[in-house]
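Take these sequences, add in the hints, and give me the full structure.
2 protein chains.
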Amino acid sequence: MSIEKIVYQGDPGSYSYEAMLEFFGDNITFENKDFFPDVFEDVSKGNAKYGIIPFENSTTGGVYEVFDLLNTYENCYIVGEICVEINHNLMSIKDAKIQDITTVYSHPQALDQCKQYIRKMNFHEMPYRNTATSAKAVSEMNNKSCAAIANKMAANFYNLEILDSKINNYINNITKFIIITNNLTFDKNSNKISLILITSHSPGALYEALGCLAKNNINMMKLESRPIKNIPWQYSFYLDLEGNLEDENIKKAFNELSITCKKFKVLGNYIAY
Amino acid sequence: MSIEKIVYQGDPGSYSYEAMLEFFGDNITFENKDFFPDVFEDVSKGNAKYGIIPFENSTTGGVYEVFDLLNTYENCYIVGEICVEINHNLMSIKDAKIQDITTVYSHPQALDQCKQYIRKMNFHEMPYRNTATSAKAVSEMNNKSCAAIANKMAANFYNLEILDSKINNYINNITKFIIITNNLTFDKNSNKISLILITSHSPGALYEALGCLAKNNINMMKLESRPIKNIPWQYSFYLDLEGNLEDENIKKAFNELSITCKKFKVLGNYIAY
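Read top to bottom, the protein sequences are chains A and B. Sequential numbering of the first sequence, starting at 1, is according to UniProt numbering. Sequential numbering of the second sequence, starting at 1, is according to UniProt numbering.
Hints were generated in silico from the structure; no laboratory data involved. For clarity, every value in this text was computed on a predicted model and none was experimentally measured. We put the CB at the ideal spot given by N, CA and C, even for glycine. Be aware that one or more of the hints could be misleading.
When the alpha-carbon atoms are kept at most 25 angstroms apart in a straight line, the in silico DSS-like pairs for lysine-lysine are as follows [said to hold, decoys possible]: (1) A:Lys45 - B:Lys120; (2) A:Lys222 - B:Lys222; (3) B:Lys215 - B:Lys251; (4) B:Lys251 - A:Lys120; (5) A:Lys263 - B:Lys222; (6) A:Lys97 - A:Lys120; (7) B:Lys115 - A:Lys33; (8) B:Lys152 - A:Lys33; (9) B:Lys215 - A:Lys262; (10) B:Lys262 - A:Lys222; (11) B:Lys262 - A:Lys215; (12) A:Lys222 - B:Lys263.
Derived contacts from chain B toward chain A, CB cut-off under 7 angstroms, selection only [said to hold, decoys possible]: (13) Val79; (14) Gly80; (15) Lys229; (16) Pro232.
As structure tokens, this is what we get:
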């Protein structure tokens with residue numbers, strides 16, 4: 001077991017795999033996992049030093065299972081982020097032509113991101129675990145009527161031909177990946193802070209919490225809410241802020257937040273991509 | 001064409017179908033649609049009087065495609081909501097036993113909601129368009145190793161046997177459905193308001209918008225953010241508030257919001273379930 005091992009979710013050739021190579025370079029030891037919780041489990045127990053997972057797409061939004069896992073795995077922290085441009089391609093086995101295709105396989109978010117194209121082409125859609133897995137499956141099915149939606153790297157990995165490219169609804173389609181590890185580390189260059197808050201369930205509680213940030217001149221870049229699973233219609237909040245944990249205004253605001261909020265966890269302080 | 005027609009997304013026997021019968025009774029004219037945008041399209045054009053669609057689950061969160069469609073279809077409004085308790089069942093063809101099952105088909109959110117059970121049983125998961133469609137597919141496959149995760153009604157509709165029940169991770173699993181129509185209607189009993197806001201992209205803009213509500217003593221029950229599709233990392237906000245559009249404090253706050261925000265749309269004023 002290499003202590004510096006990196007785990008990612010998906011198959012070789014996936015967007016996560018691409019993001020991993022871009023962030024860490026290619027002189028690395030890595031292993032793939034089928035599910036997001038497996039990545040967290042390995043990182044949490046120290047079986048791997050880092051995990052890399054998709055966190056948000058610029059058109060379809062957050063990968064909400066990952067938000068929830070950051071809340072559940074108390075010792076997992078964000079140490080970095082990287083953005084990968086998503087260019088979806090339609091791919092099938094050699095000799096298949098675009099007019100042969102009736103069914104497309106891909107991750108539900110990728111299908112969403114190509115919804116306009118899929119409807120125009122009148123394809124039947126089949127959700128699949130992830131984009132690279134769907135390319136692998138299409139390769140194994142060896143059926144000219146089936147295609148996958150995935151990145152170029154997956155076409156190379158699974159020996160498929162690209163029939164059409166840039167088929168996403170929006171050209172400006174970017175996925176942000178986060179890198180997690182099992183302790184909170186930051187340095188003076190870290191300029192982005194991620195937080196989870198649970199406010200009390202009283203009127204104005206969220207407004208009061210955001211007030212701790214506003215009156216200390218902290219810029220909030222993002223706010224998401226997630227249901228608290230065992231209490232219907234109550235929420236936890238995920239926030240991204242500008243700043244460093246050593247900044248005086250951040251210390252002051254966080255001190256206030258920890259008094260005001262029922263739960264308050266710093267998820268990480270890292271360099272914004 | 002009946003002007004009072006109701007459209008829902010999914011197949012007969014789905015949770016949406018169940019919600020429709022519960023909200024409207026069974027003396028109705030209805031039609032099912034494959035995709036959420038089809039429901040909005042029919043309602044927007046007046047081909048159907050009402051549409052009913054899932055909006056949020058208490059454990060997995062919002063159905064984000066529907067949030068986005070409420071933003072896109074400017075003339076679609078919420079006129080009501082209803083909650084349905086989700087009790088997921090594992091079902092397969094007659095004679096199949098639980099130990100025969102290797103693969104489960106269902107909607108990705110239903111698979112998420114049963115993740116603990118699926119992992120414990122070591123099932124391979126296959127995402128499918130919706131729960132009832134997966135039951136129909138399992139019925140047609142006629143293969144003892146395949147099961148669907150769906151409601152009891154779907155088992156009856158597609159002649160499947162229930163092998164295990166209440167397999168969701170959390171017992172308290174509720175899905176909220178909304179009813180949409182193509183104009184904004186409310187009466188004096190309407191006590192819940194839904195809104196979409198787009199604030200300016202400046203520090204503190206969201207805090208300022210929430211301030212318009214807080215200082216007019218308006219209780220916010222929910223806040224969600226959604227990416228603006230063609231502008232990476234900018235967001236629109238979806239809010240639920242307590243109140244009636246005729247209330248003085250609501251009028252005052254909304255007047256302020258319409259000045260402060262780049263976009264401000266009342267999505268509906270209806271009776272909270």
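Structure-based check of each hint:
no.	hint	result
1	A:Lys45 - B:Lys120	holds, 20 angstroms
2	A:Lys222 - B:Lys222	holds, 16 angstroms
3	B:Lys215 - B:Lys251	holds, 13 angstroms
4	B:Lys251 - A:Lys120	violated, 43 angstroms
5	A:Lys263 - B:Lys222	holds, 18 angstroms
6	A:Lys97 - A:Lys120	holds, 17 angstroms
7	B:Lys115 - A:Lys33	holds, 16 angstroms
8	B:Lys152 - A:Lys33	violated, 34 angstroms
9	B:Lys215 - A:Lys262	holds, 23 angstroms
10	B:Lys262 - A:Lys222	holds, 17 angstroms
11	B:Lys262 - A:Lys215	holds, 23 angstroms
12	A:Lys222 - B:Lys263	holds, 18 angstroms
13	Val79	violated, 20 angstroms
14	Gly80	violated, 17 angstroms
15	Lys229	holds, 5 angstroms
16	Pro232	holds, 4 angstroms
In terms of the numbered hints stated before, the structure departs from hints 4, 8, 13, 14, listed from lowest to highest.
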